[in-house]
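Going line by line, the protein sequences match chains A and B. Letter by letter, the first sequence follows residues 1 to 626 in this note's numbering. Letter by letter, the second sequence follows residues 1001 to 1105 in this note's numbering.
Misleading hints may appear alongside valid ones.
Stated by the list, open to error - A few chain B residues facing chain A, derived, Cβ under 8 Å:
hint, residue
1, L1020
2, A1024
3, V1027
4, A1097
5, D1098
6, S1101
7, T1102
8, L1103
9, R1104
To be verified - Computed Cβ-Cβ distance ranges for the label pairs, DEER-style:
hint, chain 1, residue 1, chain 2, residue 2, range
10, B, D1096, A, V578, 48 to 58 Å
11, B, A1073, A, T599, 24 to 34 Å
12, A, A568, B, T1102, 48 to 58 Å
13, B, L1068, A, V616, 20 to 30 Å
14, B, L1092, A, A615, 21 to 31 Å
15, B, D1096, A, S597, 15 to 25 Å
16, B, A1076, A, V616, 20 to 30 Å
17, A, T599, B, Y1035, 57 to 67 Å
18, A, L622, B, Y1035, 30 to 40 Å
19, A, A615, B, E1041, 13 to 23 Å
Claimed, not checked - Facing chain B, according to a computed beta carbon distance under 10 Å, are these residues of chain A, among others:
hint, residue
20, K571
21, R574
22, E600
23, G602
24, A608
25, T609
26, L612
Because the hints were derived from the structure by calculation, they are not lab data. Where is the CB? At the ideal position from N, CA and C, for every residue including glycine.
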Amino acid sequence: MQWLWLVAALPLAGALALGVVGGLMPRRAAAAIGCASVGLSWLVSIFVAVAFIRTHPAGGAFQQTLFRWLDAGALHVRMGFYLDSLSVVMMCVVAFVAFLIHLYSVGFMARDADYSLFFCYMNLFVGSMLVLVLADNLLSLYLGWEGVGLCSYLLIGFWYRDRANGVAAQKAFIVTRVGDASLAVGLFLIFWHVGSLDIQQAARAAAWGFGRDHALATIAALLLVGGAVGKSAQLPLQTWLPDAMAGPTPVSALIHAATMVTAGVYLIARTHALFALSPAAMLVVAIIGAATACYAGFSALAQRDIKRVLAYSTISQIGFMFLALGVGAWAAALFHFVTHAFFKALLFLSAGIVVQALDEERDIYRMGGLWRRLPWASWSFLIGACSLAALPLVTAGFYSKDAILRAAYSAPQGATALWAAGLLAALLTGVYIFRVFFLVFLGTPQSEVTRLPGALMKTAVAVLSLLALVGGFVGMPRALGGFSPLVHFLGQALGGLAAGAGGAMLLVISSVVSLAGISLGYLFFMRLAGLSPAVSRSAAFRVLDRFLLFGWGFDWLYDHAFVRPYTAIAKVNRGDFVDAFYLGAAWLAGMANRALSATESGRVRNYATALLLGAVVMVVILIWLK
Amino acid sequence: MTSIANVPTTAILVVALVLLMLGALGVMIRRDLLYVLMSLEIMFNGAGLAFVVGAAKWQQADGQVMVLLILVAAAAEVGVGLSLVLRLYHRLKTVDADKVSTLRG
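Based on the provided sequences and hints, a complete structural model is requested.
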């Protein structure tokens, strides 16, 4: 387990090497370094995980301190890694999915310029996420958190020659910054009140430190939620994620599956001791999750861009995880994170194949009939869609989503409403994802396939397809035998396993709902080939369609509420009135300079006159003083 | 017989002041450097006259000595000043003080 630091260090070293000398390398070498650093990191993480499980370190955790980072007054921060069952799971999944995405990128970016730069950013992205996941104190976690934000900016705007991509990158950066500011204030509050930024110490201290002081615990928890909401693209800071689709598809897969958006889920799971003190904050998390899951589900129904559908589906699935966190089912949230990482990466990678095959066409209404022509992408997308829609029994997504719905059903607060919202979102999931599937892969062909996936791309989607099917068998509900090693393993770190209602009835209900969603998708978009013209041409339907297409007008609202007033103020203040003071001082000095240099006329007569006047004045003063 | 002792001190001081002022006016308004030097001489003489009056009034030799010093200083000043004016004329072909203003800021 002494090798733990290598897990995060390897991708960072890869990024450093590629960043410094990447431009001089041949493309093959850049790809090899980019993949090898993450691949080795994954191998080390497996090695460390096996060692962790076999040795059972005392207290269920292994801690490694690398070096002292900061010593300032009462603040002592050490750069250290903390390994418990939560970080073991996160670490392995992040490194593994990232490795597959890197392999896929070798083929996907093969014709792109800035090849080594791409892998440099990707490695830095994975390295930052691993620092975030493994950090033993909140400041190191924040370091990884900001690193992830930076890399998302760099990668979303990777094709920076198109202005829209740059705008999307800035939007992602600025919107998540709102959350980051909230997180930073939360960290200050925790340090101020608890006196330590070490996560475990803070958690222990919070239990008695905040014990009677519930208001502060709630405020601290809500500030952390603010950060998590920004990074995980939940209401009301979700607007950046659909626009983040401007980046290359492997980047979207990485952001959605392994890094970035799951950071918020991890943050709440990591600080769950604090949340356990505050039922109010938990309820807020649950409501945000349930509302976001439904909101994004509805929005995904109307999207025309295949990647935007997937983006909204990520928002929706992260909403499920927040719902689980909010009802205290920490392990269920992490379980869904694992399965989601598999099937969402799979969906993005197969969508990437489709988009590339059709020459960067992203509009699902201009696709169709790809089933025979792109078999790899079709099968993998179908498997991913089934897993996302939670097709009962055979897919991974079913088990994790069922665990969340069961937890919501037995939630301490607002159980029925949360459960119903979860079911609604699950129903919508089936409809929107199979809408995409039927429109893109079945129906009549509309365009030529110009590019087929390479061997590495096929390998990556094949491995992910397998995992999207069988990845859920490590968390069976009790009604199906209760074989759930993953959930028990996570319980070691997260404690207080929410048992959830074990009834088979809930299982049947969630199965029926997911099947109903898929059937509705089939009915609307395959059998009827869209809605009847009378409905789809009506004004009300069009308004609704546009409303959903633009994500319920959040962008419009923020644009009018924040962006425009801000730019208007900036325009009014173009001269910068604060600067007026400094400019005024400069102007005054300039005027004095001009006045004084005018006296240096170079004329002897003037000097003599001045001399005489001075003498007269001196004499007058002397007389007067007498 | 009128001697200098019979003339009131104040009258002579007024003459000295007038001489000084005339010289100062000349320095201020004449542009020809030779006239400026001459005006300076007048100013010296004004100051010297004041010293002489003081010496006569208080019967002290110091004032007389000071006048001698002034005469010597004036001679030296004229020597330096005239040679400067000559050099100036050689270089710039003018003795107009206002045209010699290349040191203006």
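Structure versus earlier hints, numbers of those that do not hold, lowest first = The structure breaks hints 1, 17, 20 and 21; every other hint is satisfied.
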